[in-house]
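Asks: Just so you know, the sequences run in chain order R and X. Each residue of the first sequence is one higher than the last, beginning at 1 in this note's numbering. Each residue of the second sequence is one higher than the last, beginning at 1001 in this note's numbering.
The set of hints was computed from the structure by calculation and includes no laboratory data. On a predicted model such as this, the values are computed, not experimentally measured, just so you know. Hints may be right or wrong, so weigh each one.
[What the hints assert, rightly or not] Label pairs and their computed distance ranges (CB to CB): (1) X/A1134 / R/P169: 25 to 33 Å; (2) R/R185 / X/G1152: 22 to 30 Å; (3) R/M117 / X/A1146: 47 to 55 Å; (4) R/P177 / X/K1015: 34 to 42 Å.
[Said to hold, decoys possible] Sample of chain R residues with no beta-carbon within 10 Å of chain X, all distances over it, derived: (5) C9; (6) V21; (7) R33; (8) R36; (9) A105; (10) A120; (11) L132; (12) S136; (13) L137; (14) E139; (15) I172; (16) P177; (17) L187.
Note that CB positions come from ideal geometry on N, CA and C, so glycine has one too.
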Amino acid sequence: MLAADAYQCLADEVWRDQTVVSSLGTTANEWWRITRDDRVFYMNSSMGLAASFGLGLALAAPALKVWVLDSDGSLAMNLGALLTEGAQQPANLTHFVLSNGCYQAIGGHRIVNAERMDWAALARAAGIPHVLSASSLEELRSLRAALAEPDTLTFVVLEVEGVPGERKPLRIPYEGPEMKYRFGRGLEARHGLQVFGEYGY
Amino acid sequence: MQADAPDPGPSAGVKAFCDDLAGAGVKVVASLPDDWVVPLIDGVAGDERFTHVRVAREAEAVGVCAGAFFGGVNSVAIMGMAGVLAVVHELATLNLMHGIPLLVISSHRGHADEEPQTVYQVVQGQVGAPVIQALGISQPVVARLADLDVAGFLKHSRITKRPVIATITRDVVHELVGDADARG
Chain R
1 MLAADAYQCL ADEVWRDQTV VSSLGTTANE WWRITRDDRV FYMNSSMGLA
51 ASFGLGLALA APALKVWVLD SDGSLAMNLG ALLTEGAQQP ANLTHFVLSN
101 GCYQAIGGHR IVNAERMDWA ALARAAGIPH VLSASSLEEL RSLRAALAEP
151 DTLTFVVLEV EGVPGERKPL RIPYEGPEMK YRFGRGLEAR HGLQVFGEYG
201 Y
Chain X
1001 MQADAPDPGP SAGVKAFCDD LAGAGVKVVA SLPDDWVVPL IDGVAGDERF
1051 THVRVAREAE AVGVCAGAFF GGVNSVAIMG MAGVLAVVHE LATLNLMHGI
1101 PLLVISSHRG HADEEPQTVY QVVQGQVGAP VIQALGISQP VVARLADLDV
1151 AGFLKHSRIT KRPVIATITR DVVHELVGDA DARG
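Generate the whole structure from the sequences, applying the supplied hints.
Replies: Okay, structure coming up:
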């Protein structure tokens, strides 16, 4: 399963009204290419923080359904986030990790201990109650019902192929402040949240 | 057999701090302690008005608070000055890059009021303020609990679209634990 195919399947067949926080690199680039949507905070920086950002959003707005689209390189940089999720147990959070064993956006450089790591086992050990995995489109499609309306904190491992040498340069045509306002205004319009004050800040 | 003494609950200072947080609309508090900010964290942890998020690394607190901002609630990150130094990258590439507000309450370590046995905190005092200044981040030094203006700091952070890092001195710690008069 390629990352692009896994995300296309998620976007077409599972994604409905979830608010999405994507980690940088391949995840942000592929999800942008497929979705281009202000329901997504495409995090093009702060490697590792998508998980924590998504957790804060889920805790602050329990009526939202929050997806974190993480990558193994980013999650490796913020492993403690699994412990924090396990402690908080937000039922409205689903945390995906795209596992290709490499930093695809910079050409496929290997991630530390990629050969032995077991993301599902790590998530379970951190206290996350619902852990799923898929290494093919067929397996991912078989998870559609479980992903549509999860009633507990869920962690999903998407095992995909790394492509040696292939770079995934950033293609998103806007930067930080615009991302902030697009995402925040989208939350206000769709969910009635008040992100910004009466003077816009 | 003598009965256990009843839990006296939070000190007046800690209670005032929590009331200020709640009054400022803070609903999410993310924390990782050093010994000075422990009274603040203990107060928040015991107060049902807040969702308290204990984190494993201070950078998580930066992310949690950014997410809470988009969830429409005010939040605060509490950490030691070592934590502030550890989150420079996240402050730069999440908060400064996107203009996302953040209030950090931290300890003002390594100055004349540091206790002698904590000599290892001196370097944090030496480099903390210059690093914060280099980031272009406001650092109000809070020497009295009454000056820990949570609502004002939150508003300033929103208006400027930058973090505010309020650092509390040891006198504030003494006020929080209720021994200001006995300190001499």
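Asks: Can we trust that R/I172 is non-interface, i.e. its beta-carbon lies farther than 10 Å from all of chain X?
Replies: R/I172 clear of chain X: closest Cβ-Cβ about 13 Å, beyond 10 Å.
Asks: Does 25 to 33 Å hold as the CB distance between X/A1134 and R/P169, or does it fail?
Replies: Holds: the Cβ-Cβ distance is about 30 Å, inside 25 to 33 Å.
Asks: So the hint says 22 to 30 Å: do the beta-carbon atoms of R/R185 and X/G1152 match that?
Replies: holds (26 Å)
Asks: Indicate whether the distance between the beta carbons of R/M117 and X/A1146 respects the range 47 to 55 Å.
Replies: Roughly 50 Å apart at Cβ, these two residues keep to the hinted range, so it holds.
Asks: Going by Cβ atoms, does R/P177 stay more than 10 Å from chain X at every point?
Replies: Nearest chain X Cβ is 5 Å from R/P177, so the label is violated.
Asks: Does R/A105 really sit off the interface, with its C-beta more than 10 Å from all C-beta atoms of chain X?
Replies: holds (15 Å)
Asks: Can you tell me whether the CB distance of R/P177 to X/K1015 sits inside 34 to 42 Å?
Replies: 38 Å Cβ-Cβ, so the 34 to 42 Å window holds.
Asks: Evaluate the condition: distance from the CB of R/R36 to the nearest CB of chain X exceeds 10 Å.
Replies: holds (18 Å)
Asks: Beyond 10 Å from chain X, beta-carbon-wise, is R/C9?
Replies: At roughly 26 Å from the nearest Cβ of chain X, R/C9 sits farther out than 10 Å, so the non-interface label holds.
Asks: Was R/L187 rightly flagged as not at the interface, with every chain X Cβ beyond 10 Å?
Replies: Answer for R/L187: violated, closest chain X Cβ roughly 6 Å.
Asks: If I take the minimum Cβ distance from R/S136 to any residue of chain X, is it greater than 10 Å?
Replies: holds (32 Å)
Asks: The output says R/V21 does not contact chain X. Does that hold with a beta carbon cutoff of 10 Å?
Replies: Check fails; 7 Å does not lie beyond 10 Å.
In terms of the numbered hints stated before, the structure departs from hints 6, 16 and 17, listed from lowest to highest.
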